[in-house]
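Asks: Chains as they are written, first to last, in numbering that gives the first Met the number 0: chain A, 0 to 324; chain B, 0 to 302.
Note that these hints are calculated values from the structure, not bench results.
Treat the hints loosely; a few may be bogus.
Claimed, not checked - When the alpha-carbon atoms are kept at most 30 Å apart in a straight line, the in silico BS3-like pairs for lysine-lysine are as follows:
| # | chain 1 | residue 1 | chain 2 | residue 2 |
| --- | --- | --- | --- | --- |
| 1 | A | 318 | B | 209 |
| 2 | B | 106 | B | 181 |
| 3 | B | 181 | B | 220 |
| 4 | B | 137 | B | 106 |
| 5 | B | 209 | B | 220 |
| 6 | B | 106 | A | 34 |
| 7 | B | 232 | B | 220 |
| 8 | A | 13 | B | 181 |
| 9 | B | 137 | B | 181 |
| 10 | B | 232 | B | 252 |
| 11 | B | 106 | A | 13 |
| 12 | B | 252 | B | 220 |
| 13 | B | 13 | B | 209 |
| 14 | B | 137 | A | 13 |
| 15 | B | 137 | A | 318 |
| 16 | B | 137 | A | 34 |
| 17 | A | 318 | B | 13 |
Quick caveat: nothing in here was measured; it's all calculated off a predicted structure.
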Amino acid sequence: MPIFDQGYQHWDGKLSSHAWRWFTISARGARSQFKSRWVRLAILGAWIPAAVLATVLIAWGLIEQKSKLILPFLSLFHDLPESIMLDPRSYRVTIWTIAYQYFFLIEMFFSMILVLLVGPSLISRDIRFNAIPLYFSRPLRRFDYFAGKLGVIGFFLAAVAVVPALIAYVLGLCFSMDLTVVRDTARLMIASVGYGLIVVVSAGMLMLAISSLSRNSRYVGAFWVGIWFVSNVVGGALQGWVKASWCPLVSYTGNLLRINHVLLDTDSAWDQIGSLMDPRNRDAILVGFRGPTYPWYWSLGVLAGLLGISLCILTTRVKSLDRLK
Amino acid sequence: MLFQLQGVSKSYGKIRALRDLSVEIPAGAIGLLGPNGAGKTTMIRTLLGLISIDGGTGQVLGMDIRARRLDIRQSVGFVPEDECLFPSMAGIEFVGYAGELSGMSRKDAMQRAHEVLDYVGLREERYRNVESYSTGMKQRLKLAAAIVHDPRLLILDEPTNGMDPAGRQEILSLARDLAHNKGMSLLFSSHLLPDVEEVCDYVMVLGRGKLLAHGLISELKQSHEGLYEVRVKADQDLFAQRLVAAGCRPEPKDDGLVVGVPAGATVGLFWNIAAASGHQIRFLRPRRSTLEEVFLHALEEQT
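Given these sequences and hints, build the entire structure.
Replies: Next up, the structure:
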């Protein structure tokens, strides 16, 4: 009999609450995905538009203050109507809104790329390696499992959309040296967070649902590309041929961007810009900038429908009992 | 009491997996026996709170199987039969992750993972990716992951399936040590009766969703009054004739005899007959049921 048995020892440490078990799955998944060089490159690329956004907001703050720092760069703004440059503070919300609109438009590409890189393996590999029983024989609910996997996608989308948007906002605020900026632009900050949440839930759940349909991550990736690219192409083609107001609804990213425009209230911003234009050409010029004008709740309906389908697929495909032979 | 079930029923469509199952099992090393389709896996799922039962009630470690599913799984470790892996992880990460999923902090989980991997005998291999592990190593890894949070009950579902003799013996030794020296209760489901006999003290036999037999293995393997197993060198038939002449009832079994002796006769009778006839007794013991006989007898009674 050894004096001290170095074999099995009992453990009586402290356990975390059930409420945070999903976070373990998210943290583990995020760490694992971050090892991929392609994921790191995509994140790096996604921060370039964020830097441009921050630069625009900072520049506008300096223009409002008529700072000497901006003087060497004023020539870059020579295309702007004179009335804007004479009273930049009146156009603060408009400029910020349009900057955010374009930021999210570009970030949509990076978001879809990141979902493509990170998402396909999340559930498909668990099914392939029969890991589901290992999860559900632990003190975890299916909700924890799904929330954990969604958290991985959420982490990366937040890293390229929400966090840069918020950092740019804070930088813009700091360089404006004017507290009224908060009053004027708080809506943009809230809209950015809200839009980020919508993208995470919609794209995340859709990707998880597709990931649960196959054991092979490559098929899942191909399916995602189909949803993203093909729906865009078909939506664009239909707009050209059918020219009906519902045509943009076919595009998945088009629906997300329509919600984005509503949340940011881009229509008001473009209206203000349009008021400075020649009324005869105004509508023709602005139609390309405004994007689709069909009712936003159509897009919300499409996204809600996709979310419902995703939930149905997930609850049908990921059943602990079927996997526990 | 380790667990108790009262009138538990579960059907999958027309198939009745558990039929009014009632049983009370004490703490310790419990063997779960039954042919395919007996309801063993359904019973394990029920104990883990993974399925909703159609009727009945039950408790595991004093916790209700309907109301406290997560608490039960917190106190139970489970080693599934199938090859299950968290993909793309080293062994140490695998066990640490299992600990974190059970609520341990990352630091505690990693420290504990090293301890249990030492215990199951995975040394430097713990730093290799789990996909490269052999069957035996995967089984020990799953065992380590199941005990990382120090459960009060460990459920092993066919843990020695597909393993070579050495690996099988290692798993059996670990299971036996956990149950007999570390105070962990064990539910050991297996088709291999010698494995159950080696690890467990108590056994329950299921058949078609019903409890056929349960009890201490030592009691189920009861001795048979007045029956002996004997094997002699040379002419066994002649020895049998001498036994008949002495009033015994010999019957051939395998390469020996099962002999019923007259009332009041002792084992000395065999030595006397052998000495008189010049036979050498090579094997002699009172007849006892094997676990296999207990198992087969329980199934025969059901049919």
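Asks: It remains to establish, for every hint, whether it holds in the given structure.
Replies: Now the hints, each set against the structure:
About 26 Å separates the Cα atoms of residue 318 of chain A and residue 209 of chain B, which keeps this hinted pair within 30 Å; it holds. Taken as a hint, the residue 106 of chain B and residue 181 of chain B pair is honoured in the structure, with Cα atoms around 24 Å apart against an allowance of 30 Å. This hinted pair checks out: residue 181 of chain B and residue 220 of chain B have alpha carbons roughly 26 Å apart, not beyond 30 Å. For the proposed pair residue 137 of chain B and residue 106 of chain B, the alpha carbon gap of about 23 Å is at most 30 Å, so the pair holds.
The suggested pairing of residue 209 of chain B with residue 220 of chain B holds, with an alpha-carbon distance near 21 Å, which does not exceed 30 Å. In summary, the hint linking residue 106 of chain B to residue 34 of chain A is supported, as the alpha carbons are separated by about 21 Å, within the 30 Å threshold. Of the supplied pair hints, the one linking residue 232 of chain B and residue 220 of chain B holds, its CA atoms being roughly 28 Å apart against a limit of 30 Å. At most 30 Å may separate the alpha-carbon atoms for a hinted pair to count; residue 13 of chain A and residue 181 of chain B meet this at roughly 21 Å.
Among the hinted pairs, residue 137 of chain B with residue 181 of chain B is consistent with the structure: their alpha-carbon atoms are about 22 Å apart, no more than 30 Å. Note on residue 232 of chain B and residue 252 of chain B: the hinted pairing holds, with a Cα-Cα distance of about 15 Å set against a maximum of 30 Å. A distance of roughly 12 Å separates the Cα atoms of residue 106 of chain B and residue 13 of chain A; the hinted pair therefore holds under the 30 Å criterion. Proximity of residue 252 of chain B to residue 220 of chain B is assessed by CA-CA distance (about 18 Å); at most 30 Å being required, the pair is judged to hold.
With a CA separation close to 16 Å, the supplied pair residue 13 of chain B and residue 209 of chain B stays within the 30 Å bound. Between residue 137 of chain B and residue 13 of chain A, the direct Cα distance comes to roughly 28 Å. Compliance with the 30 Å bound is thereby established for this hinted pair. Straight-line distance between C-alpha atoms of residue 137 of chain B and residue 318 of chain A comes to about 24 Å, which keeps the hinted pair within the 30 Å bound. At most 30 Å may separate the alpha-carbon atoms for a hinted pair to count; residue 137 of chain B and residue 34 of chain A meet this at roughly 25 Å.
Straight-line distance between C-alpha atoms of residue 318 of chain A and residue 13 of chain B comes to about 20 Å, which keeps the hinted pair within the 30 Å bound.
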